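Visitor: Residue-level listing of the chains:
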Amino acid sequence: MTDDLLRADELKIVFDTPRGLFKRKGAGVQALRGVSVRVGRGETIGIVGESGSGKTTLGRALLRLADVSSGRIVFDGRDITGLGERDMRPLRRRMQLIFQDPMASLNPRHTIRRIVTEPMLFHRVAADPADAQRRARAIFERFSLPLACLARFPHELSGGQRQRVGIARAALLAPDFVLADEIVSGLDVSTQAQALNLLKELSRDLGLAMAFISHDLSVVRAVCDRVYVLRQGLVVEEGRCDAVFESPKHPYTRALLDAIPSPRIDPGWLQRDQGD
Amino acid sequence: MVEGALTQRTDVSATRRRWDWIGVCVADPKVAVGGGFILCLCLVALAAPLIAPHDPLEQDIMLGLTPPPGFAGAEPGHWLGTDDLGRDVLSRVLYGSRVALTVAFAASALAAVIGSTLGLAAGWRRGWVDAAISRLVEIWMAFPPVLLSILLVAVVGPGVGSVIAAIAIIDWTRFCRVVRAETMNQASADYVTAARAVGFAPGRILMREIFPNVAPVLIALISLEMGIAVIVEAILSFVGLSVSSDTPTWGGMIAEGRQALHEGWWILAAPLTLLLLTVLAFNLLGEGLRRALDPVMRR
Numbered sequence: 664m665t666d667d668l669l670r671a672d673e674l675k676i677v678f679d680t681p682r683g684l685f686k687r688k689g690a691g692v693q694a695l696r697g698v699s700v701r702v703g704r705g706e707t708i709g710i711v712g713e714s715g716s717g718k719t720t721l722g723r724a725l726l727r728l729a730d731v732s733s734g735r736i737v738f739d740g741r742d743i744t745g746l747g748e749r750d751m752r753p754l755r756r757r758m759q760l761i762f763q764d765p766m767a768s769l770n771p772r773h774t775i776r777r778i779v780t781e782p783m784l785f786h787r788v789a790a791d792p793a794d795a796q797r798r799a800r801a802i803f804e805r806f807s808l809p810l811a812c813l814a815r816f817p818h819e820l821s822g823g824q825r826q827r828v829g830i831a832r833a834a835l836l837a838p839d840f841v842l843a844d845e846i847v848s849g850l851d852v853s854t855q856a857q858a859l860n861l862l863k864e865l866s867r868d869l870g871l872a873m874a875f876i877s878h879d880l881s882v883v884r885a886v887c888d889r890v891y892v893l894r895q896g897l898v899v900e901e902g903r904c905d906a907v908f909e910s911p912k913h914p915y916t917r918a919l920l921d922a923i924p925s926p927r928i929d930p931g932w933l934q935r936d937q938g939d
Numbered sequence: 006m007v008e009g010a011l012t013q014r015t016d017v018s019a020t021r022r023r024w025d026w027i028g029v030c031v032a033d034p035k036v037a038v039g040g041g042f043i044l045c046l047c048l049v050a051l052a053a054p055l056i057a058p059h060d061p062l063e064q065d066i067m068l069g070l071t072p073p074p075g076f077a078g079a080e081p082g083h084w085l086g087t088d089d090l091g092r093d094v095l096s097r098v099l100y101g102s103r104v105a106l107t108v109a110f111a112a113s114a115l116a117a118v119i120g121s122t123l124g125l126a127a128g129w130r131r132g133w134v135d136a137a138i139s140r141l142v143e144i145w146m147a148f149p150p151v152l153l154s155i156l157l158v159a160v161v162g163p164g165v166g167s168v169i170a171a172i173a174i175i176d177w178t179r180f181c182r183v184v185r186a187e188t189m190n191q192a193s194a195d196y197v198t199a200a201r202a203v204g205f206a207p208g209r210i211l212m213r214e215i216f217p218n219v220a221p222v223l224i225a226l227i228s229l230e231m232g233i234a235v236i237v238e239a240i241l242s243f244v245g246l247s248v249s250s251d252t253p254t255w256g257g258m259i260a261e262g263r264q265a266l267h268e269g270w271w272i273l274a275a276p277l278t279l280l281l282l283t284v285l286a287f288n289l290l291g292e293g294l295r296r297a298l299d300p301v302m303r304r
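Quick mapping for you: the protein sequence lines, in order, are chains A and B. When we follow this note's numbering, the leftmost residue of the first sequence carries the number 664, and every step to the right adds one. When we follow this note's numbering, the leftmost residue of the second sequence carries the number 6, and every step to the right adds one.
It is possible that some hints are incorrect.
Unchecked claim - What the simulated footprint calls covered on chain B by chain A, stretch by stretch (three residues with Cβ under 8 Å from a Cβ of chain A suffice, anywhere in the stretch; the number is not a length): (1) 191-205; (2) 211-218.
As the list claims (entries may be wrong) - A few chain A residues that face chain B, going by a derived Cβ cut-off under 8 Å, partial list only: (3) Leu-728; (4) Leu-760; (5) Pro-771.
Hint data in this document are derived by calculation from the structure and do not stem from the laboratory. Bear in mind the structure is a predicted one, so any value in this text is a computation, not a measurement. Backbone N, C-alpha and C define an ideal beta-carbon position, used for all residues, glycine too.
All chains, full assembly: derive it from the sequences and hints.
Guide: So, in C-alpha cells, the structure goes:
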C-alpha cells in the first residue's frame with residue numbers, strides 16, 4: 664500500500680473529563696474507538712455519520728490538530744503520530760483544512776488579504792508580499808471572487824464568498840491533502856454546487872487527495888470515490904461509493920440513505936392538498 | 006518588515022478602513038459624551054496653572070467660607086466660593102483633577118498590563134498555568150480591597166506612586182479574569198484552528214490572531230477601571246493616605262468639606278459633583294467602546 668498518502672490505524676481518542684480541584688478524574692468520553700481509514704494519492708474519500716459520530720474528531724486527528732490516545736497516523740510514509748509541533752510545521756503546508764463555518768474560520772480582525780497571504784509567506788510558498796498578492800489575485804479571479812474583497816474584512820463578504828476565501832486559503836499553499844469539514848452545510852443549494860465544483864476542479868488540477876466530512880450523503884455521492892460510514896466512534900461500513908450506495912450492508916447505512924429526499928416526484932403529490 | 010511591504014501596496018479604501026473605527030466610535034453617543042467629558046477634563050488638568058483664577062494653596066483668612074456668587078456674602082472672583090482657610094474652591098478643584106487623572110490613567114494601565122498578561126497566559130496555555138493563576142486570583146479577591154489598599158499605602162508611605170501601585174496591585178484580578186475568559190472563548194474559534202493548521206507558532210497565534218479579538222473587551226475594561234481608580238484615589242485622599250496635604254485632591258477636599266459642612270456646603274459639593282461626573286463619564290465611555298469596537302456590530 665505504498666500509494667497511500669494518509670493512513671490512520673486503529674485510532675482511539677478519549678476526551679478526559681476535566682479534573683477539578685476537589686473532583687477525582689473521571690473515565691472520559693470515547694470519541695473514537697478504533698478507526699482505520701486510508702486516503703490514496705489524488706483520491707477523494709467521504710466520511711459520513713450523524714452528529715456525535717466522531718467525524719470531526721477523526722478529521723482533526725488526521726491533521727494532528729487533536730491528540731490521539733492510541734493508534735498510528737502515517738502521512739506520506741512517515742509516522743506523524745508523535746511528531747512535535749516544530750517537526751509538524753513543514754508538513755502543515757501539505758495538509759490543509761476547510762471549515763464548516765467560513766465566518767468563524769476567518770479572523771474577524773484581519774483583512775482577507777492578510778488572511779490569504781500570510782500563510783503563503785510563512786511557508787515560503789511565495790517569495791515576497793508582492794508575489795503572494797499576485798498569487799492571491801490569480802486564484803480570486805479563478806474563483807470569481809471580486810478583487811476588492813482583498814481589502815475587506817470577513818463580515819463584509821457574503822457566505823458563498825467567505826467559503827471560497829476559505830478554499831482559496833487552503834489551495835494557495837498547494838497542499839497534497841485537504842480535509843473538508845461539512846463545508847457545504849451552511850450554504851444554499853446553488854452556492855453548494857459552486858463550492859463543490861471548485862473543489863472537484865482543484866483536486867483534478869492539483870492532484871489533491873481529499874477527505875469530505877459530511878452528514879449529507881447526496882453530497883458525498885457526488886464527489887467521493889470511497890466512503891466510510893462512522894457511527895459512535897466506529898467505522899460500520901466502508902467501500903467504493905457506488906457499491907455502498909447501491910447495496911448498503913449495514914442497517915445504519917441504509918437508514919442514512921433512506922433519509923435522503925427522493926428525487927423522484929410522486930405524481931399524486933400536487934393533488935394531495937387540493938383534495939382536502 | 007513583511008507587514009510594512011504589505012501596507013505599502015494597500016489601496017486607499019483599506020487605509021481608510023484601518024482608521025474608520027475611530028469614526029465609528031465617535032459616532033456612538035456614549036463614547037462621544039463620555040469621551041468628550043474626559044477629553045475636556047484632561048485639557049483642564051493640563052492647563053490648570055493657566056486657567057485657575059487663584060493659587061490653590063493661597064490662604065486668605067479674611068475671605069474664609071465665602072459662598073459662590075448668587076448667595077449672600079459672595080465675594081467677586083471666587084466662582085465656587087472659598088473654603089474655611091479662604092482658598093479658592095474652583096482653583097483647588099481644577100488642580101485636584103491632575104492627581105485624579107494621573108492616578109486613573111497610570112493605575113489602570115498598570116493593572117491592565119499585569120492582569121492581561123496573566124489572563125492571556127492562563128487562557129491560552131490552560132493546564133497547570135491556568136490552575137495556578139486562577140487560584141491566585143481567587144485568593145487575591147478574598148482580601149477586602151479598600152482595606153488592602155490602605156494597608157499598602159500605610160506600609161509603602163503616601164504619595165501618588167504608592168496610590169497607583171496599590172490600585173494596580175489590587176485590581177489586576179479584574180483584568181485577569183475577563184481576559185482569561187475571553188482568550189479561552191477566542192481560542193476555541195475556528196480561525197485559531199485554521200492558524201494552527203497553517204503551522205503558526207503558539208506565541209504568534211496568541212499575539213496576532215487572538216489578542217486583537219480580546220482587545221475591545223480590554224479597552225472597555227480599562228475605561229471602567231479608570232472610573233474605579235478615581236474613586237479609590239478619592240477614598241485614599243479622604244482618609245489622608247494619598248498625596249501630601251499641600252496638593253489639592255478631590256478626596257482631600259471632600260474630607261475638609263465634611264468638617265465644615267454646616268458652615269459651607271459648597272466646599273464639599275464642588276469636588277463631589279466633579280468626581281461623580283468623571284466616574285460617570287468613564288463608565289459611559291467604557292460601555293460605548295465595548296459596543297462600538299465589536300467587529301460584528303460595527304457596520
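Visitor: Hint by hint, say whether it matches the structure.
Guide: Hint by hint, here is what the structure shows:
For the region 191-205 of chain B, the assignment as covered by chain A holds, since 11 residues bring a beta-carbon within under 8 Å of that chain's beta-carbons and 3 suffice. With 3 residues having a Cβ less than 8 Å from any Cβ of chain A, the region 211-218 of chain B passes the three-residue criterion, so the hint holds. The beta carbon of A/Leu-728 is positioned within 8 Å of a beta carbon in chain B (closest approach about 6 Å), and the interface hint is therefore held. Taking 8 Å as the C-beta contact cut-off toward chain B, the hint placing A/Leu-760 at the interface holds, the least distance being around 5 Å.
Annotation: A/Pro-771 was flagged as interfacial toward chain B, and the flag holds, the nearest CB pair being 4 Å apart, inside 8 Å.
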